[in-house]
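Fit chain L to the supplied structure of chain H, relying on the hints for placement.
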Amino acid sequence: MGIWAGCEIPEELYYDVERDVWVRLHEDGDVTLGMTDAAQTRAGKLAHILIKKVGKHIERGRSAATVESAKWAGPLPSPLTGTVVANNAESFRADVLVANRDPYGEGWVVRLAPELWEDESAHLVTGAEAVERYRERIREMGIHCYRCEE
Amino acid sequence: MSHPIRLVDCGSVPALRSQTVFHAVAYAMTPETPDTILLVAPGEPYVSVGFHQDVDKEVDLDRCRELGIPVIRREVGGGAVYLDGNQLFCQWIFQQGRLPAMLEDRFALYVTPLVETYRSLGVQAEYRPVNDVHVNGRKIGGTGAALIGSADVLVGSLMFDFDVDTMAQVLQVPSEKFRDKVHQGLREYMTTLRRELGTPPGRDEVVRAYVDACSAALGRAVEPGPLTAAETAMAEELDGRFASDEWLFSAGGLRKHGVKIHEDVHIREAVHKAPGGLIRATAQLRHGRIADVAFTGDFTLQPGSLVASLERELRGTPLEAAPVGACIDRFYDRYRPQSPGLEPGDWSEALIKLAASPETGP
Chain H
591 MGIWAGCEIP
601 EELYYDVERD
611 VWVRLHEDGD
621 VTLGMTDAAQ
631 TRAGKLAHIL
641 IKKVGKHIER
651 GRSAATVESA
661 KWAGPLPSPL
671 TGTVVANNAE
681 SFRADVLVAN
691 RDPYGEGWVV
701 RLAPELWEDE
711 SAHLVTGAEA
721 VERYRERIRE
731 MGIHCYRCEE
Chain L
1040 MSHPIRLVDC
1050 GSVPALRSQT
1060 VFHAVAYAMT
1070 PETPDTILLV
1080 APGEPYVSVG
1090 FHQDVDKEVD
1100 LDRCRELGIP
1110 VIRREVGGGA
1120 VYLDGNQLFC
1130 QWIFQQGRLP
1140 AMLEDRFALY
1150 VTPLVETYRS
1160 LGVQAEYRPV
1170 NDVHVNGRKI
1180 GGTGAALIGS
1190 ADVLVGSLMF
1200 DFDVDTMAQV
1210 LQVPSEKFRD
1220 KVHQGLREYM
1230 TTLRRELGTP
1240 PGRDEVVRAY
1250 VDACSAALGR
1260 AVEPGPLTAA
1270 ETAMAEELDG
1280 RFASDEWLFS
1290 AGGLRKHGVK
1300 IHEDVHIREA
1310 VHKAPGGLIR
1320 ATAQLRHGRI
1330 ADVAFTGDFT
1340 LQPGSLVASL
1350 ERELRGTPLE
1360 AAPVGACIDR
1370 FYDRYRPQSP
1380 GLEPGDWSEA
1390 LIKLAASPET
1400 GP
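Residue numbers (our numbering), protein chains in the order written: chain H, 591 to 740; chain L, 1040 to 1401.
None of these hints come from the bench; they were simulated from the model.
Under the rule of at most 30 Å between Cα atoms (straight-line distance), these lysine-lysine pairs were calculated in the DSBU-like manner:
hint : chain 1 : residue 1 : chain 2 : residue 2
1    : H       : K646      : L       : K1096
2    : L       : K1392     : H       : K635
3    : L       : K1299     : L       : K1096
4    : L       : K1216     : L       : K1392
5    : L       : K1299     : L       : K1392
6    : H       : K635      : L       : K1299
7    : L       : K1096     : L       : K1392
8    : L       : K1096     : H       : K635
9    : L       : K1096     : H       : K643
10   : L       : K1312     : L       : K1096
11   : L       : K1216     : L       : K1299
12   : H       : K635      : H       : K646
Distance ranges between label pairs, derived from CB positions:
hint : chain 1 : residue 1 : chain 2 : residue 2 : range
13   : L       : R1158     : H       : E696      : 41 to 51 Å
14   : H       : L706      : L       : E1359     : 52 to 62 Å
15   : L       : G1136     : H       : R683      : 28 to 38 Å
16   : H       : H734      : L       : D1372     : 50 to 60 Å
17   : H       : R683      : L       : P1379     : 40 to 50 Å
18   : H       : G645      : L       : A1272     : 28 to 38 Å
For glycine and all other residues, C-beta sits at the position ideal for the given N, C-alpha and C.
Okay, chain H solo, but in the shape it has when bound (with noise of 0.2 Å):
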């Protein structure tokens, strides 16, 4: 796990930092996405969330959910074209803030069956990359991560 200014950034999954979002890949061949720890902390408590519904087809770079917060809207974009196989609306209607608190684990977005992994998955960093990449963009922008207590 590599922090920086307080933002986790997970050495296991991937990410696509320009957009802010971290990947999952699981077994078979499936991949969870969700917001990282700076995303969720540039958002702010997040008041709603729109996910897009199981089946839908999704083309890398079209937004996997909408994202509101009391300050701030903006799409949660996908690094990877497939379709919706699973969505995590019933955990943000259980609580709005999941994301906000365990931006890595109960806070996942969406679930896609990729198209196209081979070819998509070359834009993405893991591993001690992905945690240079953070650092360097954590620092330019001058975030200080932090999560939602109460």
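Relative to the frame of chain H, chain L by itself:
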């Protein structure tokens, strides 16, 4: 940064276009697109609803139809708001990475020229973090932020005047009492250039002051320029999408309760069923205290004039169990009212439920 900022002054445009134009600049953004400040006012009034709001729970659509006021959903968060030609929208559409990364800093930058513009016009405006502008405790305009397409967007307005009566009419509210409280709250806690100065200044004067203030705050030149053909085409495409019912009704996120007038002032309603009848408490809350409250329902409290007395007694009380309970006990001791089937604790319970209402968005 040496690149000048493009200033696009769209003047007065149809209601729909006043929303679609900044979305269009964002969606049509290429790496070559200059950072842009868009100034625009709607030619006719409309209601703008937040990105994830459930429209028919937030807006009285029948009333809007009667008044001929269109309802348009935006891709920026927050609550429903009534907009018309007395507001000048100031929309920033910037390349990512050109504005501060943290929202607090981004809003501080965005709000600075709004504050400076008001001050140059003789209005003692102040930045109220995170994203408000206040004049003597009253809010003047609202702001919001979004990522639209690949653009960082900030929206807000300069308030020449505000139609409180129509705003209070178009919101969906649980009761007419609640509507009265919203109306009263807007009147007390919002302000405009007209209210502060008597007569609002001319548009040209305000625009000049705002553009100068933007240039100073951003440390960059601001130069007038037109929209590109691609941006105009995108606006036309979005006009179609934003006018559709499919778009308007497609959100339906979590329900927001209550109405927020400004950061510290909320209108809430709560109901408590007691053996002696139903108590509906409609209150204006300010800094966690009961600024004003009205009780309605089918309860009996005799003599009848005591309802108003109780409402008066509660003003200024912190909305917490102990002080509310003490206030109501004092009231019962002093006036010895007849309230069959109602204990002092029933009033407290209705009031404490107000505190438990979920927080509303901006």
